[in-house]
Amino acid sequence: MSLQNHEIKHIKDIIKRKLTDTELQILAAEWSEHCSYKSSKKHLKMLPITGRSVIHEKGYDSGVLDVGDGYVVTVHIESHNHPSAVEPFGGAATGVGGVIRDILSTGTRPIAILDGLRFGDIENDAHARWLFKNVVSGIANYGNCLGIPTIGGEVEFDDCYKGYALVDVAAIGFGKKDKLIKNHASEGDLVVLVGGPTGRDGIGGSQFASDLLEDENRSAVQIPDPFIEKLIIETILEARNEKCINAMKDLGGGGLSCAISETAESLGVGIELDVDSVHTRESGLLPYEIMISESQERMLVITSKQKLPKLKQICDKFNVICSVIGHVKNDKMMHVKKSKKTIALLPAEFVARGPLINRKKTKPKYLLQIKRENKAKKNLDYSKIIQELLSCPNIASKHWVFQQYDHEVGIRTVVKPGFDASVLRLDNGKFLSAKIDGNPKHCYIDPRQGAIGCFEEACRNVVCTGANPIGMVDHLQFGNPEDPEIFWTFMESLEGLTDYAKFLRVPCVGGKVSFYNETDFGPIKPTPLIGVLGLVDHTPFLSSTPNDGDYLIIIGNTKNELGGSEYFEYIDKFIGGICPTVDFKNSKINMLTTLSLIKNKLVKSVHDCSKGGFSIAVSELSIFGQIGCDIDIEKIPCEKDLSSEQILFSESHSRYLLVIDKKNILNVERFLSKKKISFAVLGKFSGDQINIKRKSQNLVKLRIDLAQKRYFNGLGDLLKHG
Amino acid sequence: MVMCINFIGEIINIIVKVGVIIFPGSNCDRDMFHVLSDVFNLNTQYYWHEKGLPDNIDAVILPGGFSYGDRLRAGVIAANSPVIKDVKKLAKKGIPILGVCNGFQILVESNLLPGVLLKNDSLNFMCQWTNLVVKNNKTPFTNKLELNQKIPIPIANGEGRYYADLQLLDDLKKHDQIVFSYGKHVNGSIEQIAGICNEDGNVVGMMPHPERAAEKLLNPLDNKPSSLIFESLIHTIGAKN
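Chains A and B are the protein sequences, given in the same order. Residue 1358 in my numbering sits at position 621 of the first sequence; the count goes up by one each step and never skips. Residue 199 in my numbering sits at position 198 of the second sequence; the count goes up by one each step and never skips.
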């Protein structure tokens, strides 16, 4: 059990009696960092959460956005890091399951999954490869079986995740506004547990996730069953149509303890339940085990007595077990019984709202020591460097991953994974664009600017598909918050995200904080992950690849910002330098300009500059178009006296590459000049070679077929032989 | 009577019922329904696997998914569902029946189609676009297609590698039962077989997903050939009416 001294004191002060074992177990689960957010809750309030299209409803575990015409989109993000590091297949699979049920609990159908995966150095670490392969299989196995497309995400490798894995899953739901579950309950309503049986798996899972990963606690890892989850989705949606659901919550971290106390607290009611009524996987489960088990594929439904027969009938149709485990009272108490004997009786609010903690923060020493300049000896054969970058695991094509995911099921995926953001069609004729982005390398060097950069990158990706960003979700992943230096990095990231969200007026509609991401090798680098949703009102922007004679334009400034770049870290093995920063004003102007160019059909395709910098972004355009290019970087808008390596590899933000048909080039130039933004026409697409020069100096000559081979085989080749 | 618009845009009044069967774990049922009903204006109805099928149904589709979570073997439990008895009866009567992906696996497991479907040779689930080649254009689902016509279409399966022993392979060829093959090596299927039919030609199974490729918006290459699979069905059952 993980109750701390001040928490024990808090219990004594309020409850004024000795607690039963079951009560202590319930509190330990519910007051874990994972469930109570005791370190972060106070601070998370700074994020802007309201906006024109945001719908707030009590008890929702996912964000709800109105997309017009009576439809809503829901979104949520979760991680399953600790379990995935111990048992990658099951850990990742149950991570998908959990976030799907959060979407379902609002009464919307889950329509897409995105995942952000992070592992150690897979080139040199067989354990990291094993984790990677099995996490991908776990997600594929679960998501594919559910028939929910995994439409995108990202994969990144960094030594800071040695012996560990970050598995973040974001899910998107879609439904009619009038079918949203308006959580409510009145005295006498029945509390029903729908879904798989409760077992001994996942006992203490939330506490396990709220500690450093030093021991492999296998009983804390849950067992996945996507088939039951699929049946639950259909059961719940049919029950929703039949108006059998007054209130609903999924069972995740903290199991029944968390679901019961939080539901009672948010609805302002009491709930009395009998553990003997819970259907279990095996006999002899102790009451506390039933209360804190995190067995998957379970939903808590509150229904009325009149609707119970209908609910049971629907459950029977799908062969899903449902047990009436208790009823709603008006005493605001969480009352747990074992047949007639009371084994826990606590105010729901007391359980659901664990005491919060004020954590100290101090600027980490490493930041004072970090080298700002890279004096490593360099081989400046740019063609060779670009080839190496194209096949490096962080840049190479991730088709080895996303082709294992069914990304087409549901027939909504208009823009498929593999380039910038993915785009889904919605039933009201609009289109939803979605992307998640993280960048621990930047965040390590500057947690504030790094976090803002991830946010901007996700926005850029969404903008590249012609969509306006309408909402974001954040997943803040750090080491041990008790360490003031780590807590400082958390606060910096959070403040940065808040500033940018307020500036852009993009509300935060959901999120999660995950601390204690540490192993014997130390804490992970700060890893905030940002998901952005964008909306296209009418026709979707289906970009086409460049053709012979098309022009290349860059929008945005290139700066001396090689810090945390793939070039420094992968090629030079150097951690340091100056991290890219986002100029808010330029960021917004460049975004709006790009969107209006797309809207006016003046561009063939748009690609954002991110990992690997300009040189990789232009190579990717050539690789996908199967056409070479002749580029001169002399005129690229940039800070004074930038070296060629800085221009080619800096990962400066707010930059977009535009492919323009020659018939539109004058129009576009005129348009951009009028907007007074930084841009330049850099050259044309033609031939079968990527040629980059600076005035008369040739910098890069790379055959497209070689570049393609590097880019498409880079990841698969690593995984072929174990 | 239901008002329909046929494939060349004429408004016709016919009662054409296409049934989409839902097994526990089916997950392409709604996609198939959408394409049949909203794109091709067919009178389409869902049938839950425990319910019987009406005698006067015009065509039956077994959609993709993971019936029973692929437990034991893909399709084997669903092959024992009550509805399969009716499917067998209708198959005997010559009613067009199409199994896509998991639907194909179910048809094979219920002996409506010969052969087996094994794990892909990559040992992974594979979701990617590929080209099909039409090998038999006389079935109710291919009669509007040309022989050897290419169909850009996505696959999405883990157990999609068709296998038949040499004897069966000879039989398949003798009776013109190979309906589709892949244009190149995809998953190790014998002779790159992607879809087959029964001897009578009215029961067709295919691993790729025509319902994911029939709309222009979803198909980055060419949606017409996949549309012709549905238009073949309309041609067949419309002609009958």
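Don't take every hint at face value.
What the hints assert, rightly or not - Computed beta-carbon distance windows for the label pairs:
(1) N978/A x K175/B: 25 to 35 Å
(2) N978/A x K90/B: 30 to 40 Å
(3) R1018/A x W49/B: 22 to 32 Å
(4) H186/B x L1279/A: 25 to 35 Å
(5) L1443/A x P83/B: 50 to 60 Å
(6) G53/B x G925/A: 37 to 47 Å
(7) Q1363/A x K120/B: 27 to 37 Å
(8) S1333/A x Q129/B: 45 to 55 Å
(9) Q129/B x I752/A: 57 to 67 Å
(10) W49/B x K795/A: 55 to 65 Å
(11) K175/B x S1020/A: 25 to 35 Å
(12) W49/B x F1240/A: 14 to 24 Å
Keep in mind that the hints were calculated from the coordinates and are not lab data. On a predicted model such as this, the values are computed, not experimentally measured, just so you know. Glycine is no exception: its CB is placed at the ideal position from the N, C-alpha and C atoms.
Inset, instruction - May I ask which of the numbered hints given earlier this structure violates, with the numbers listed in increasing order? - result: As far as the earlier hints go, 1, 8, 10, 11 and 12 are violated by this structure, in ascending order.
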